[in-house]
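J.: Using the hints, build the complex out of the two chains.
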Amino acid sequence: MALQSLDIKARSATTTPSPSARETMEVAKLIDISKCIGCKACQVACMEWNDLRDEVGTNVGVYDNPPNLSAQSWTVMRYSEVEVEANKLEWLIRKDGCMHCADPGCLKACPAPGAIVQYSNGIVDFHQENCIGCGYCITGCPFDIPRISKKDSKAYKCTLCSDRVAVGMEPACVKTCPTGAIVFGTKDDMIHHAEGRITDLKSRGYANAGLYDPQGVGGTHVMYVLQHADKPELFSGLPKNPSISAMVGLWKGITKPLTSFALGMLAVGTLFHYVMKGPNEVSKDIEKEFENES
Amino acid sequence: MNRNPNDIVRYTAYERANHWAVGMSFILLALSGLAFFHPAFYPLSLLLGGAVWARILHPFIGVLMALLFIMMFFRFWKLNIITQVDKEWLSRVKEMVDGDDHNMPESGKYNGGQKIMFWLAAVCMVLLLVSGIVIWRAYFSGLFPIGLIRFSSLLHAAVAAFMIALIIVHIYAAIWTRGTIRAMLYGTVSRAWAKQHHPAWFRQITGGGK
Numbered sequence: 023m024a025l026q027s028l029d030i031k032a033r034s035a036t037t038t039p040s041p042s043a044r045e046t047m048e049v050a051k052l053i054d055i056s057k058c059i060g061c062k063a064c065q066v067a068c069m070e071w072n073d074l075r076d077e078v079g080t081n082v083g084v085y086d087n088p089p090n091l092s093a094q095s096w097t098v099m100r101y102s103e104v105e106v107e108a109n110k111l112e113w114l115i116r117k118d119g120c121m122h123c124a125d126p127g128c129l130k131a132c133p134a135p136g137a138i139v140q141y142s143n144g145i146v147d148f149h150q151e152n153c154i155g156c157g158y159c160i161t162g163c164p165f166d167i168p169r170i171s172k173k174d175s176k177a178y179k180c181t182l183c184s185d186r187v188a189v190g191m192e193p194a195c196v197k198t199c200p201t202g203a204i205v206f207g208t209k210d211d212m213i214h215h216a217e218g219r220i221t222d223l224k225s226r227g228y229a230n231a232g233l234y235d236p237q238g239v240g241g242t243h244v245m246y247v248l249q250h251a252d253k254p255e256l257f258s259g260l261p262k263n264p265s266i267s268a269m270v271g272l273w274k275g276i277t278k279p280l281t282s283f284a285l286g287m288l289a290v291g292t293l294f295h296y297v298m299k300g301p302n303e304v305s306k307d308i309e310k311e312f313e314n315e316s
Numbered sequence: 015m016n017r018n019p020n021d022i023v024r025y026t027a028y029e030r031a032n033h034w035a036v037g038m039s040f041i042l043l044a045l046s047g048l049a050f051f052h053p054a055f056y057p058l059s060l061l062l063g064g065a066v067w068a069r070i071l072h073p074f075i076g077v078l079m080a081l082l083f084i085m086m087f088f089r090f091w092k093l094n095i096i097t098q099v100d101k102e103w104l105s106r107v108k109e110m111v112d113g114d115d116h117n118m119p120e121s122g123k124y125n126g127g128q129k130i131m132f133w134l135a136a137v138c139m140v141l142l143l144v145s146g147i148v149i150w151r152a153y154f155s156g157l158f159p160i161g162l163i164r165f166s167s168l169l170h171a172a173v174a175a176f177m178i179a180l181i182i183v184h185i186y187a188a189i190w191t192r193g194t195i196r197a198m199l200y201g202t203v204s205r206a207w208a209k210q211h212h213p214a215w216f217r218q219i220t221g222g223g224k
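Sequence lines, in order, name chains A and B.
Under my numbering, the first residue of the first sequence carries the number 23, and numbering increases by one thereafter.
Under my numbering, the first residue of the second sequence carries the number 15, and numbering increases by one thereafter.
Derived from the structure by calculation, the hints contain no laboratory data.
One thing to keep in mind: the hints can contain errors.
Simulated restraints, written as ranges between beta carbons of each label pair [claimed, not checked]: (1) Phe88(B) <-> Gly300(A): 32 to 40 angstroms; (2) Ala214(B) <-> Pro135(A): 49 to 57 angstroms; (3) Tyr101(A) <-> Trp34(B): 58 to 66 angstroms; (4) Leu134(B) <-> His295(A): 17 to 25 angstroms; (5) Asn314(A) <-> Thr26(B): 22 to 30 angstroms; (6) Trp34(B) <-> Lys262(A): 51 to 59 angstroms; (7) Met47(A) <-> Gly37(B): 49 to 57 angstroms.
Partial list, computed: chain A residues near chain B (C-beta under 7 angstroms) [said to hold, decoys possible]: (8) Thr37; (9) Lys110; (10) Pro135; (11) Ile154; (12) Gly155; (13) Gly157; (14) Thr161; (15) Trp273; (16) Ser282; (17) Thr292; (18) Asn302; (19) Glu303; (20) Ile308; (21) Glu309; (22) Phe312.
Listed next, the in silico DSSO-like pairs over lysine-lysine satisfying Cα-Cα at most 30 angstroms (straight line) [what the hints assert, rightly or not]: (23) Lys310(A) <-> Lys176(A); (24) Lys123(B) <-> Lys306(A); (25) Lys310(A) <-> Lys110(A); (26) Lys224(A) <-> Lys62(A); (27) Lys310(A) <-> Lys123(B); (28) Lys108(B) <-> Lys306(A); (29) Lys299(A) <-> Lys123(B); (30) Lys197(A) <-> Lys253(A); (31) Lys92(B) <-> Lys310(A); (32) Lys262(A) <-> Lys299(A); (33) Lys224(A) <-> Lys31(A); (34) Lys108(B) <-> Lys278(A); (35) Lys62(A) <-> Lys262(A); (36) Lys31(A) <-> Lys176(A); (37) Lys299(A) <-> Lys110(A); (38) Lys310(A) <-> Lys108(B); (39) Lys101(B) <-> Lys306(A); (40) Lys173(A) <-> Lys62(A).
Backbone N, C-alpha and C define an ideal beta-carbon position, used for all residues, glycine too.
Here chain B stands alone, though its shape is the one from the complex (with noise of 0.2 angstroms):
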């Protein structure tokens, strides 16, 4: 539903669908893989039904997982490819944490700070999903030696907590910028929004109009 003819589509109903089916699987698989991360979130297992099935389950929905973002990667890769005017907005980024946005150069849909977000996640999946398949015991851990298998423990361990502190940053972000969840909620975002946060692809969609 869209009651505003001056809002501008930023995601379509498919890439809002996918998205969040990332981020629902992100957020149980966070949430289940730090049970097992340190005692202190022992009890979050019992929101897969108890550790033995946050044992079994967490595995699958990583795959899962994967598997949604392979379709949202081939579905955003070209929209993050990173230009010079991002080098130029993520050498300014301080500025821009520190709540002045005057000086930073025009970004297009993405900014700099969002597209390495975005290759960084990229990567993050791959290492989790390979690094998680060595540790699956009830089916792969066999086929390894154990020097591996210890490793692709540590490394799961390590880029698990990594990505856990990136999506923090990706969803502040979201509340921060005023405006920005509705994009994801149903679509839209105000026109103003747009040439604010986005300006360079503000007159590429609106051709240059205000």
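Extracted from the complex, chain A is given alone in its bound form (with noise of 0.2 angstroms):
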């Protein structure tokens, strides 16, 4: 998805600035899991906008279906039944789907310039006509959300609907929602939505209501309300304290420059030694012993 394109914050694999001239408004997407039915129809409108069709598979005996993220289905619902408190069961329904991390482990695992990008906005965009189908995103990504495409080899996941969202409309998945679990704004206001939604659970008995943007990624431009946000695991394996994993840091990091440097040096280092200390040759006493033979 390529609209928006004068308002980059970050550019897979470029070392330079981004068109950066237009500055918007970091938007963000609530999911409220307690107002969720797990309906699927976030699924379908994502389905619908983005003209994907995933193969239609088998019941695997729980309601998540398609079981997983695919290129084709950029969100799932992630069903799990705990009990929290004993005799209590509680349905965790999640979707599941890309955060739009602020701090993109994909993005900076990415080798492609261009290939992945994000905008002033806060969306994470993947150009899949500049992937090169390596794979690296789903490395670098602390919550298993690419996937490539068996038929193209290329990356996919969701767009936070960056195309509706360039011309002034929300993600197609929060204009579908029947219950309003799903919603879409500035961050701010979502941050202050949220605030009420909690204030409201916790009265209602969820003491550990609360609102997950992990700070370990910068925070994230998709945000969940949990019941149980001391405790975000129960949801299909939330992770609790995401971030970009340390071996992805080193990895991708300034060790890189560092070493194309040393490397470079070590080549023009070998010149230097060459012109400075001359050629290793054979000495003119063992030459002369030679000479009379050839």
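T.: Written out as structure tokens, the structure is:
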């Protein structure tokens, strides 16, 4: 997807500034899990708007269908049945998909210039025409979101409907949600909205209700209201303190330009060695020994 | 073609072909790998026909290099066993680099530096092959946990950078020591070269003659 182009905050594998003449407001999608009824209208809306049709799979015994994200399914509902308190069953349904991190691991790991961009509004978008299919975005992502298509070997994931947002519309999933569990607006407004929801949930006995906006990835532009914010893992394995893995940081950090420089210096150093020490030739004495033979 | 009967054969045709097959694979791998290493090198991916082709071909060339290197390894490993003389040579390597070889102990077919190069290259090859398979997204990454993939990505990049440095030194040593490259190009070295740089080897094959 590529509609916004003058408001690029970060661009994969790019060491110079990107077009950033335009500045937009930071947006966020807020998913209130306590309001979600698991109808999957958001999954359908996502398919509709983005013209995606996943293969019809088989029922795996639970409501999760399709059972996982794919290049054609950019959002899926994940259902988990938990007893947080004894004898009190809770059905926690989480709409999974890209979190649009402020510090995106996919973008950091991507080696292809411009295959992943982050707009100033916070949306992290894949530009498939620049994607080379290496899968480094999967390696970098703390949430296991990107999927490589088996058909074209390009990486795909939720765009937060960047094409709709660019023209002032809300994402398709937000528009369709029948219970208002998904809302969209500026990030500040969404945090404010979440506060009201959390107060309400607390008054209803969910003492640990809270906002999921993990700071380990600089905050996200898809946030959750969780009934049990102290235990995000209950929600089908939502990571508690996600951050870009230290190994990815080391792999993609300052070490690379430093190593590149060192290799260059080594190559140049050999030239200087040659001109300063001279070649390692056979000594004249030994050469003379063999002169008569040849 | 050997027009000077006094020259000494250092490498057979098979050994030379094997070496250059590994060498060419390495150059293609290093240049295409650098393209993914840092954006400054991204244009190098054009060497293999663009970045997508580089991504597709790099791992296959890697497997090819590993196979070719295994053949070379079994041909040369015995000649590269490190002896007391080599340790002595290595302890004086600073003098050698400084351009003074008068106190260097007498090397056999390979000196201590060459032997270290051989073993480091072998270790790098193993690490690159194993980590490379783990990060080969098209066929294998799905079989491994994410933590291992991250570790392998880091390892692959680090070992590759180290090996590029190793090969820069390898190539330079061959250029620096005049009369060496012909050994790998057409197989022979002059008697003087052998006596100067590998005296123990020279004695061994000439039976102590001059």
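J.: All hints are to be evaluated individually against the structure, with a verdict given for each.
T.: Cross-check of the supplied hints:
| no. | hint | in the structure |
| --- | --- | --- |
| 1 | Phe88(B) <-> Gly300(A): 32 to 40 angstroms | holds (37 angstroms) |
| 2 | Ala214(B) <-> Pro135(A): 49 to 57 angstroms | holds (53 angstroms) |
| 3 | Tyr101(A) <-> Trp34(B): 58 to 66 angstroms | holds (59 angstroms) |
| 4 | Leu134(B) <-> His295(A): 17 to 25 angstroms | holds (20 angstroms) |
| 5 | Asn314(A) <-> Thr26(B): 22 to 30 angstroms | holds (29 angstroms) |
| 6 | Trp34(B) <-> Lys262(A): 51 to 59 angstroms | holds (54 angstroms) |
| 7 | Met47(A) <-> Gly37(B): 49 to 57 angstroms | holds (56 angstroms) |
| 8 | Thr37 | holds (6 angstroms) |
| 9 | Lys110 | violated (33 angstroms) |
| 10 | Pro135 | holds (6 angstroms) |
| 11 | Ile154 | holds (4 angstroms) |
| 12 | Gly155 | holds (6 angstroms) |
| 13 | Gly157 | holds (3 angstroms) |
| 14 | Thr161 | holds (5 angstroms) |
| 15 | Trp273 | holds (4 angstroms) |
| 16 | Ser282 | holds (5 angstroms) |
| 17 | Thr292 | holds (4 angstroms) |
| 18 | Asn302 | holds (4 angstroms) |
| 19 | Glu303 | holds (5 angstroms) |
| 20 | Ile308 | holds (5 angstroms) |
| 21 | Glu309 | holds (5 angstroms) |
| 22 | Phe312 | holds (5 angstroms) |
| 23 | Lys310(A) <-> Lys176(A) | violated (66 angstroms) |
| 24 | Lys123(B) <-> Lys306(A) | holds (22 angstroms) |
| 25 | Lys310(A) <-> Lys110(A) | violated (98 angstroms) |
| 26 | Lys224(A) <-> Lys62(A) | holds (27 angstroms) |
| 27 | Lys310(A) <-> Lys123(B) | holds (22 angstroms) |
| 28 | Lys108(B) <-> Lys306(A) | holds (23 angstroms) |
| 29 | Lys299(A) <-> Lys123(B) | holds (24 angstroms) |
| 30 | Lys197(A) <-> Lys253(A) | holds (29 angstroms) |
| 31 | Lys92(B) <-> Lys310(A) | violated (34 angstroms) |
| 32 | Lys262(A) <-> Lys299(A) | violated (59 angstroms) |
| 33 | Lys224(A) <-> Lys31(A) | violated (37 angstroms) |
| 34 | Lys108(B) <-> Lys278(A) | holds (29 angstroms) |
| 35 | Lys62(A) <-> Lys262(A) | holds (25 angstroms) |
| 36 | Lys31(A) <-> Lys176(A) | holds (23 angstroms) |
| 37 | Lys299(A) <-> Lys110(A) | violated (81 angstroms) |
| 38 | Lys310(A) <-> Lys108(B) | holds (28 angstroms) |
| 39 | Lys101(B) <-> Lys306(A) | holds (28 angstroms) |
| 40 | Lys173(A) <-> Lys62(A) | holds (25 angstroms) |
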